[in-house]
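Trainee: Chain by chain, the residues:
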Amino acid sequence: MRLRNLLSATAAAAALGALAGPALAERGADGQVNIIYWQAVSILNPYLSGGTKDVEGASLVLEPLARYDETGTMVPWLVEEIPTVENGGVSEDLMSITWKLKPGLKWSDGSDVTAADAVFTADYCMDETGGCQQVANYADVASVEAVDDLTIKITFTVPKPVPYGPFVGAQSPILQAAQFADCKGAKAPECTDANFGPIGTGPYVVAEFKPNDVVVYEANPHYREADKPAFGSVLLKGGGDAVSAARSVMETGEFDYAWNMQVEPEILAQMEARGIGKVISAYGTSVERFEVNMTNPDPDLGDLRSTVEGGPHPFLTDPKVTRALSMAIDREILVEAGYGAAGQVTCNVLPAPDLFNSTANDWCKTPDVDGANALLDEAGWVVGSDGVREKDGVKLSLLYQTSTNSVRQGTQALIKQMWQEIGVETELRNISGSVFFGGDPSSPDTFQKLYADVEMFTNNFDGTDPEKYMANWRCSEIPSPKNNWLGGNNPRFCSEEYDALVQTLAGTAKIEERAEIAKQLNDMLMESGAIIPLIHRGRVAAMANTIEGHAMNPWDSELWDIASWSRAK
Amino acid sequence: MTDAAAVRPDADAAAAADAAAAKRRHSSPWRDVWAQFSSHRGALAGAAVFAFMLLVVLVGPFIHDVDPQKLDIRAKNQFMSWEHPLGTDNLGRDMLAQVMAGGQVSLAVGVTAMLLSVLLGTAIGVTAGFSRRLDGPMMRLTDLFLALPLLPLLLVIIMLFRDTLRQAFGPESGIFILIVFVIGITSWMQTARIVRGDVLALKEREFVLAARSVGAPGRRIITRHILPNVLSPIMVSATLGVANAIITESALSFLGLGFPSDFPTWGRLLYDGANFMTLTPDRVIWPGLAISLTVLSVNYIGDGLRDALDPRIRGR
Numbered sequence: 001m002r003l004r005n006l007l008s009a010t011a012a013a014a015a016l017g018a019l020a021g022p023a024l025a026e027r028g029a030d031g032q033v034n035i036i037y038w039q040a041v042s043i044l045n046p047y048l049s050g051g052t053k054d055v056e057g058a059s060l061v062l063e064p065l066a067r068y069d070e071t072g073t074m075v076p077w078l079v080e081e082i083p084t085v086e087n088g089g090v091s092e093d094l095m096s097i098t099w100k101l102k103p104g105l106k107w108s109d110g111s112d113v114t115a116a117d118a119v120f121t122a123d124y125c126m127d128e129t130g131g132c133q134q135v136a137n138y139a140d141v142a143s144v145e146a147v148d149d150l151t152i153k154i155t156f157t158v159p160k161p162v163p164y165g166p167f168v169g170a171q172s173p174i175l176q177a178a179q180f181a182d183c184k185g186a187k188a189p190e191c192t193d194a195n196f197g198p199i200g201t202g203p204y205v206v207a208e209f210k211p212n213d214v215v216v217y218e219a220n221p222h223y224r225e226a227d228k229p230a231f232g233s234v235l236l237k238g239g240g241d242a243v244s245a246a247r248s249v250m251e252t253g254e255f256d257y258a259w260n261m262q263v264e265p266e267i268l269a270q271m272e273a274r275g276i277g278k279v280i281s282a283y284g285t286s287v288e289r290f291e292v293n294m295t296n297p298d299p300d301l302g303d304l305r306s307t308v309e310g311g312p313h314p315f316l317t318d319p320k321v322t323r324a325l326s327m328a329i330d331r332e333i334l335v336e337a338g339y340g341a342a343g344q345v346t347c348n349v350l351p352a353p354d355l356f357n358s359t360a361n362d363w364c365k366t367p368d369v370d371g372a373n374a375l376l377d378e379a380g381w382v383v384g385s386d387g388v389r390e391k392d393g394v395k396l397s398l399l400y401q402t403s404t405n406s407v408r409q410g411t412q413a414l415i416k417q418m419w420q421e422i423g424v425e426t427e428l429r430n431i432s433g434s435v436f437f438g439g440d441p442s443s444p445d446t447f448q449k450l451y452a453d454v455e456m457f458t459n460n461f462d463g464t465d466p467e468k469y470m471a472n473w474r475c476s477e478i479p480s481p482k483n484n485w486l487g488g489n490n491p492r493f494c495s496e497e498y499d500a501l502v503q504t505l506a507g508t509a510k511i512e513e514r515a516e517i518a519k520q521l522n523d524m525l526m527e528s529g530a531i532i533p534l535i536h537r538g539r540v541a542a543m544a545n546t547i548e549g550h551a552m553n554p555w556d557s558e559l560w561d562i563a564s565w566s567r568a569k
Numbered sequence: 001m002t003d004a005a006a007v008r009p010d011a012d013a014a015a016a017a018d019a020a021a022a023k024r025r026h027s028s029p030w031r032d033v034w035a036q037f038s039s040h041r042g043a044l045a046g047a048a049v050f051a052f053m054l055l056v057v058l059v060g061p062f063i064h065d066v067d068p069q070k071l072d073i074r075a076k077n078q079f080m081s082w083e084h085p086l087g088t089d090n091l092g093r094d095m096l097a098q099v100m101a102g103g104q105v106s107l108a109v110g111v112t113a114m115l116l117s118v119l120l121g122t123a124i125g126v127t128a129g130f131s132r133r134l135d136g137p138m139m140r141l142t143d144l145f146l147a148l149p150l151l152p153l154l155l156v157i158i159m160l161f162r163d164t165l166r167q168a169f170g171p172e173s174g175i176f177i178l179i180v181f182v183i184g185i186t187s188w189m190q191t192a193r194i195v196r197g198d199v200l201a202l203k204e205r206e207f208v209l210a211a212r213s214v215g216a217p218g219r220r221i222i223t224r225h226i227l228p229n230v231l232s233p234i235m236v237s238a239t240l241g242v243a244n245a246i247i248t249e250s251a252l253s254f255l256g257l258g259f260p261s262d263f264p265t266w267g268r269l270l271y272d273g274a275n276f277m278t279l280t281p282d283r284v285i286w287p288g289l290a291i292s293l294t295v296l297s298v299n300y301i302g303d304g305l306r307d308a309l310d311p312r313i314r315g316r
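Protein sequences appear in the order of chains A and B.
Using our numbering, read the first sequence as starting at 1 and increasing by one per residue.
Using our numbering, read the second sequence as starting at 1 and increasing by one per residue.
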């Protein structure tokens, strides 16, 4: 009897619980969500790291004024609306922009968010001794001032048709002035407490952080939406590789979300078939491409290796050669072998948004081995007895490097065979991703040093405006010992015409004209052969079937909407 | 009398007794070694398996003459068939051809690295054991090498010398030399220690003293009297060395270091296949089996050789 009573009481309680669950969306009601980033987070201050993993790890805590949603549209985040010329937020002469903060915003320590925090953040990043990695977002900023507690006015030195650099997107969030006050300039990297546990406005606060291993977040008690986030805590684990991360979500179910699934399509399909998780993807601006060394990587040059001073490359500066290399590649096969639904053929380094996608280079979509051979014959490259073309004692022999990943090694093998058919000899090299992308100036194997003839990797840009991105290939951006091998112009491409056109782009307001110029810039890179695009890659993640409320976003941090995530009942 | 001499733990007496026995049977000492070796079942089986592996790896490519590098994306991830006896990988490369080509490299690395390490180990061991003056420094050097962490050292060496060697010998032979060298110079220490110990004991023995008293130079004493007597431990560490070198090369390849990614070795095949384990399990089974069988067979051969070369055990 007692037992029956107990049982019915439990059943009633369970029924009540089930009824109450969906009715009352409550902060922290869904327990913990486990996320795996197979490259571990090493710092939680995005201003001190260029790594996607770090920027995204910080995006749970730190927030910008506005960000991009899954369609690439800018959405107000900490502000009431996006300032435009129409609503008076951007001045008529395009020299300034005024943001209005939402009233009543609180930091996770309970203090008020004010315009002074934004002013401080800009000062922090624009301090030349601070080594800010996101300084490109603050290009041409003359001053940032707090008009009142909630109004931020940014003035530029030149007219800015797209004034959404500062405080927009995951790479440019607002820091708390009180916390970072003593961390400006050269002291920035020394503020370990602040860099490892920033106080933010986001849905989560850092509870525990082990650099290069794991971050534990807890719900922010002062978050502006009372019923969010649904998950009380987040575990962000780093390490392993893409395949084991995929397995942990879709086969074992240990994790709920895994980032950056560069894994062979057949493996993903097999895992997905188990029904625990699914693969989600969205196309942004990521392009897997060759960056072709325009300078000479000969080891005999010593310190001058792969620098402009070391002289031009013996043959890759000839656009006929690079065009032949591009023509010989059957990109459809690369997609089929390594990407499946997560990749499509592209002939542009700037494939999206659609308006910016040039059609001038579409010849590369259909492989043309005969044409490539004819082009090389015409350029005077003769096939030698060993099947390798040569001219004036120089052989068409390439050292081809990329990061260690089985999809990339597969692509390497395929391309090697394709190039063999046009008499180009290829030596393959793969370097561990943490070294290759690590940016350590003392390592010879970083992608900036490019001690090889060609290298393959993926890059993209945040948001939808390519101005900053295309500015990467200006002469001033060439990595060299003088700038400690920093700079985004890995091919060492240098053209005055290109630099001038980038300047023009910066001063053009109308979106159609901007698109036209961006396409021209893209075409110049393609024609010079400095970049050989291969595959337009989608952002791919693996997610447990029980996670709801996530929209895959290729334009901003992938975890941009984590406040709305919940677990299906 | 002969029997009494044979059970005394006395190598030269035993050798003499053995020689006498050999004379009686009109056979050479090597025949005795073979007789002892062939009575060790494991060793025989090991030798047979190793010979089989060698045969497959060296002769196989002439029978199954498919280019291991040939990609055929339309025939990817296939299971075993007549056309592809061990199936294909995810880029459509023939697995049998790759396993055979990989075996050539892995075995070549194993044997060459073993030769280097045995040569170094013996030289250092004999010098240290024979010369009192050099004993201290040599053995401290050995301790130093034993204390070095192997993998970080390998990483640094590969980073420092890769480009120089690549220029001098080309990408593949360059990295081959580098890997053989790296494995060789990091695995001679055990041999050196064992050899030194044996030499220390041997050089106080009567026959060495006798040789010394008639004025034989040190060089001759070493080559005529000492080396033949330490042959047994050297042979054993040589066989263990082959196995060790194959495993180290596999580990390096498994870490994505070492040879370029399109240059198959057993370790590399295993590494590449690991991701596909659930889809095409044969991609890890065959190279894994090849590594295990080779290492196991070589170990058994070593075991048998030790018994066969030790006159005190031989004949029992």
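Please note that a few of the clues may not be correct.
[Said to hold, decoys possible] Sample of chain A residues with no beta-carbon within 12 Å of chain B, all distances over it, derived:
hint : residue
1    : Asn87
2    : Thr98
3    : Val308
4    : Arg408
5    : Gln520
[Stated by the list, open to error] With a cut-off of at most 25 Å between alpha-carbon atoms, the simulated BS3-like pairs for lysine-lysine come out as follows:
hint : chain 1 : residue 1 : chain 2 : residue 2
6    : A       : Lys365    : B       : Lys203
7    : B       : Lys76     : A       : Lys153
8    : A       : Lys53     : A       : Lys320
9    : A       : Lys468    : A       : Lys519
10   : A       : Lys395    : B       : Lys76
11   : A       : Lys184    : A       : Lys53
12   : A       : Lys482    : A       : Lys187
13   : A       : Lys210    : A       : Lys53
14   : A       : Lys320    : A       : Lys278
15   : A       : Lys278    : A       : Lys519
16   : A       : Lys153    : A       : Lys100
17   : B       : Lys76     : A       : Lys278
No wet-lab data here; the hints were simulated from the structure.
Note that beta-carbon positions come from the ideal geometry of N, C-alpha and C, so glycine has one too.
Trainee: For every hint, state whether the structure bears it out.
Mentor: Checked hints:
1. At the 12 Å boundary, the C-beta of A:Asn87 stays outside the reach of chain B, the nearest C-beta of that chain being 52 Å off.
2. For A:Thr98, the condition that its CB be more than 12 Å from all CB atoms of chain B holds, with the nearest at approximately 52 Å.
3. With a closest Cβ-Cβ approach of about 21 Å to chain B, A:Val308 is found to remain outside the 12 Å limit, as its non-interface label requires.
4. Not every CB of chain B is more than 12 Å from the CB of A:Arg408 (nearest about 9 Å), against its label as outside the interface.
5. Against the 12 Å criterion, A:Gln520 stays outside the reach of chain B, whose nearest CB is about 36 Å from its own CB.
6. For the hint pairing A:Lys365 with B:Lys203, the CA-to-CA distance comes to about 77 Å; that exceeds 25 Å, so the pair is violated.
7. As the CA atoms of B:Lys76 and A:Lys153 are separated by approximately 59 Å, the hinted pair breaks the 25 Å bound.
8. A distance of roughly 38 Å separates the Cα atoms of A:Lys53 and A:Lys320; the hinted pair therefore is violated under the 25 Å criterion.
9. In summary, the hint linking A:Lys468 to A:Lys519 is supported, as the alpha carbons are separated by about 14 Å, within the 25 Å threshold.
10. Between A:Lys395 and B:Lys76 the alpha-carbon distance is near 33 Å, which puts this suggested pair outside the 25 Å criterion.
11. With a C-alpha separation of about 23 Å, the suggested pairing of A:Lys184 with A:Lys53 holds against the 25 Å cut-off.
12. For the given pair, A:Lys482 sits about 23 Å from A:Lys187 by alpha-carbon distance, which is consistent with the 25 Å threshold.
13. Distance restraint check for A:Lys210 and A:Lys53: the Cα-Cα separation of roughly 14 Å lies within the 25 Å cut-off, and the hinted pair is therefore satisfied.
14. A distance of roughly 44 Å separates the Cα atoms of A:Lys320 and A:Lys278; the hinted pair therefore is violated under the 25 Å criterion.
15. Taking the CA atoms of A:Lys278 and A:Lys519, the gap is near 36 Å; set against the 25 Å cutoff, the hint is violated.
16. Distance check on the hinted pair: A:Lys153 and A:Lys100 sit about 9 Å apart at the alpha-carbon level, within 25 Å; holds.
17. Distance check on the hinted pair: B:Lys76 and A:Lys278 sit about 24 Å apart at the alpha-carbon level, within 25 Å; holds.
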